[in-house]
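Construct all of the structure, not just a fragment, from the sequences and the given hints.
Residue numbers (this note's numbering), protein chains in the order written: chain A, 1 to 80; chain B, 1001 to 1229; chain C, 2001 to 2733.
By construction, these hints were calculated from the structure, which means they are not laboratory data.
One should not assume that every hint holds.
Claimed, not checked - As a list, the in silico BS3-like pairs of lysine-lysine whose alpha-carbon atoms are at most 27 Å apart:
#: 1; chain 1: C; residue 1: K2703; chain 2: C; residue 2: K2386
#: 2; chain 1: A; residue 1: K40; chain 2: C; residue 2: K2208
#: 3; chain 1: C; residue 1: K2563; chain 2: B; residue 2: K1113
#: 4; chain 1: A; residue 1: K19; chain 2: B; residue 2: K1166
#: 5; chain 1: C; residue 1: K2643; chain 2: B; residue 2: K1113
#: 6; chain 1: B; residue 1: K1113; chain 2: B; residue 2: K1218
#: 7; chain 1: C; residue 1: K2208; chain 2: C; residue 2: K2413
Said to hold, decoys possible - Residues of chain C clear of chain B, computed beta-carbon distances all greater than 12 Å:
#: 8; residue: G2070
#: 9; residue: G2079
#: 10; residue: E2248
#: 11; residue: T2300
#: 12; residue: R2513
Ideal Cβ placement from N, Cα and C applies to all residues, glycine included.
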Amino acid sequence: MKARVYISLKNGVLDPQGKAISHSLQGLGFKNVLDVRQGKTIDLDLADMDRERAEAEVEKMCQQLLANTVIENYSIELLD
Amino acid sequence: MKAAVIVFPGSNCDRDLKVALTQSMGREPAMVWHGDSELPDTDLIAIPGGFSYGDYLRAGAMAANSPIMREVVRKAESGTPVVAICNGFQIATETGMLPGALLRNASQKFVCKDVDLLVISENERFVGGFQQSQVVRFPVAHHDGNFYADADTLDELEAEGQIAFKYVTPEGEITDEANPNGSLNNIAGIYNKAGNVLGLMPHPERLISEVLGGTDGKTFFDHLVNSIV
Amino acid sequence: MTEITKEIVAEHGLTEGEYEEVLKILGRAPNLTELGIFSVMWSEHCSYKSSKKWLKTLPTEAPWVICGPGENAGVIDIGDGQAAIFKMESHNHPSFIEPYQGAATGVGGIMRDVFTMGARPIANMNALRFGRPDHPKTGHLVAGVVSGIGGYGNCMGVPTVGGETNFHSSYDGNILVNAMTVGLADTDKIFYSAAAGIGNPVVYVGSKTGRDGIHGATMASAEFDDDSDEKRPTVQVGDPFTEKLLLEACLELMATDAIVAIQDMGAAGLTSSSFEMADKGGVGIEINLDLVPMREDGMTPYEIMLSESQERMLMVLKPGREEEARKIFHKWELDFSVIGKVTDTGRMVLTMNSEVAADLPVGPLADAAPEYDRPWVKTPLSPVIKPEDVAAPNDLGEVLLKLMGSSEIASRKWIWEQYDHMVMGDTIQRPGGDAAVVRVHGTSKALAITTDCTPRYCYADPAMGGAQAVAEAWRNITATGALPLAITDCMNFGNPQRPEIMGQFVGCIDGMRSACNALDFPVISGNVSLYNETNGTGIHPTPAIGGVGLLKDITQMTTLAFKAEGDIVLLLGNLTGEMGQSIYLREIEGREEGAPPRVDLAAERKHGDYLREMIGKGLVTAAHDLSDGGLAVALGEMAIAGKIGACINLETDLPLHAALFAEDQGCYVITVRPDDLEMVRGFALAEDILLQNIGTIGHTDLKIDGGLTISVDRLRAVHANWLPELMSRPGSE
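Here is the structure:
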């Protein structure tokens, strides 16, 4: 089974990369861009197990390693 | 006195730290491989700079989860002094030994240069070799040194005397121009609450002789060693 | 099985004549894998087919040379049982297509070349050439290349201590990224690539093999057209973390005596590494491709052999040492696989799925590699531009400010602050000086390292330009007090099938040869990058020279910074005032014309040897050579570095603007304490060397009598601001 973890910086944490992307997009003429926040996705290929257990495990992974909760938010999506 | 330097895959300032400690201690520190689960008997733990695990995922994140770091955290809690430099500082925040986090530099660029630092809080063990409010010079070399903590944590760090160094002008003024990476309140280094763990982005081990361009780092290590002996 | 058609042969960059040769060697048609192998082995990049004839004419020997060209890198003796190992290599085409990864993998590749030979890399340098500053791509390429170089070197923990950067429209469509690494080894622990020992295991270590960069070597040997952006997928991705582990693992294994031969898998990957090892050892190799660690499913023998995945090495071990080696590589979490063995057949036999995928004779394939004597024409020379041919400017001060803030002369600090130039704790002269100086760890000696070339001189007069590049490297090392020992060269040129380009190549080699001979400065390694052309327009000929010298005592090092008020400023050497190809002519008059300044190799040698002797006696407080921008710029740079001014009174028969801005060769500005002046003069007199007292250090202005007065702060500001301003323009992310 596959899981996808989305990680983004918390609101209020400066995101220089997002700012730079926003700046570049404006420079390219995309005037409707008001703000950009960037993050990352992590795709996990997991052994088959029930969804609840998978969710709990991935949650644990996020807490322990995948996200730094001082600065980052995360969300989990189970894909199948 | 005995010191231990923790070495992770991708550490690259471990040798520099060893040279600096050896110069000040008159004997070599133990080099401890990340896979070891036990620390040798030691009076000082040093976590070096570099790119542990390539800084992949987040700077310091994977090293923070290695077996040896559990042991380092335990020793720190029981009072062993820890100095965590650059990537070591990132690792220390990732373990929770120190508050806050180190984000990508505001410039988004790696920055390597000498910086001027103001000694902020009294902490005899770590900065007793300097006067309070003295300006000292160490180099920085990092891509992720932009210190962040939420407003409450920041207030607490300031109020509790946990700020070790701030980036300043050569005259000692805290300005945006003197800040190489966008750190909140120009913070370059902090202590934990107990005052026995110091994390800092600048590299004192890089200025330990005139031929390298300065000796403030030597003063730092000489005093640290003397205060522990 | 794919039938080998004319089209497929052409796609592999082989000419009809070369394919005929393939058929002759094999006595049959090759299969696709075999054709791929021929194509990379006979590519310009691997075979040096256009350049070999001329490269052979360069001097490569000296008593201190341990290993000259032909191995992964060159080796020189630096005393006390220690050796410096170094080489420079181009990664031009990949860096234009994907600047970050192209530059990063270039740095990774050259470091592997050096540690393959048993050396720990101790310093990196980079010689960079970009298009004109206002070209729409330049900012983006500078940003990407610089962060790629930093990204790789910084993570490896090897200091990047300097280099050079030029901007010129001839590089608009073909930037140059030349990376140099210097390493340190013990002379009795140097590793070579010749396979030996029939039956010995052939071992693959490092990263897994993927489909990266297939045909990078042939791409590096082809011209660009407007579709080059489409070639993106063939660029490799670097993994400096893995390379750091590979470095530590290799050095750990090298501390034992388990290795017979070792070769990194660079351009053309497993193909060139295995053929070179077998060819040098005069043996055969058998490889079972099923045992190659692979990152992707379903890879064909063709893809495995041509992959340019990075951070991989091929080794031959002594029999029975496999487990010991495997343990080390597993400790560093790297792949380790015995993939074959050395044979006595003289053939490279590759199998996969129990079938023979390729069976080629090693010797004939290497021996029959084409070598061309390409037609060439001598570059027509331009007239000398005499001082009186250039009108005096209204305001010499404005001229100096303009030059200090011009693209060729402005500070490169924006670049080198992105490189960790201090890690390893031995950088005793940081970037920004004439040469970087890196202490040999744990000793009181040091290596001085520089890269140099003035492409506009080479374009105007290839032989003079070639000589100048070598002489300037020698001069920059000398200015630190070190003795220049040897060079590596990175020959960047356009399409060699055009006689005028081939003429530039021949001319540059000619000049380099004279200078190397005159200065006892042999070539010990190098690299050739041809076809740097876009739509038929070639780059300026750019024979980048990387020089290394030895400073026996670090306390005897000089820097260019003015030191103390009252020190006397001396000009060592003779000014001619010839203005051809000068930055003055280009920036002030908008002319890129004339003959480059003459290099007098005898005077060069005499002046340099004298200066080194004076530095060795502790008589010189600062030294800097004259180069871009001439005397006035040299003085400006020394004042900026020392944060102190000078009062200059130049007695000369030349028009002042010519004396100040001509780029006379073989000259230095030096400073001495007043008490030492007579002694320094005495030595100069005895050797019939022209040494002119031109002023005194002091105050906050650079003041040149009858010419200009500018505050050092103002000079610093224009010098510092140009590059950051260029890079803050939109699009230079």
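Tested hints:
A hinted pair counts as satisfied when its Cα atoms are at most 27 Å apart, and C/K2703 with C/K2386 qualifies at roughly 26 Å. Taking the CA atoms of A/K40 and C/K2208, the gap is about 25 Å. The hint holds against a cut of 27 Å. Note on C/K2563 and B/K1113: the hinted pairing holds, with a Cα-Cα distance of about 21 Å set against a maximum of 27 Å. At roughly 25 Å between alpha-carbon atoms, A/K19 and B/K1166 fall within 27 Å of each other, so this suggested pair holds.
A threshold of 27 Å between alpha carbons decides the hint, and for C/K2643 with B/K1113 the separation of about 18 Å falls inside it, so the pair holds. Of the pairs offered as hints, the one joining B/K1113 and B/K1218 holds, with about 18 Å between alpha carbons and a cut-off of 27 Å not exceeded. A distance of roughly 37 Å separates the Cα atoms of C/K2208 and C/K2413; the hinted pair therefore is violated under the 27 Å criterion. Every CB of chain B is more than 12 Å from the CB of C/G2070 (nearest about 31 Å), matching its label as outside the interface.
Separation of C/G2079 from chain B is adequate, the least Cβ-Cβ distance of about 19 Å exceeding the 12 Å criterion. Interface exclusion of C/E2248 from chain B breaks down, the closest Cβ pair being 8 Å apart, not more than 12 Å. The beta carbon of C/T2300 is kept farther than 12 Å from every beta carbon of chain B, the shortest such distance being approximately 30 Å. The Cβ of C/R2513 lies farther than 12 Å from every Cβ of chain B, with a closest approach of about 37 Å, so its non-interface assignment holds.
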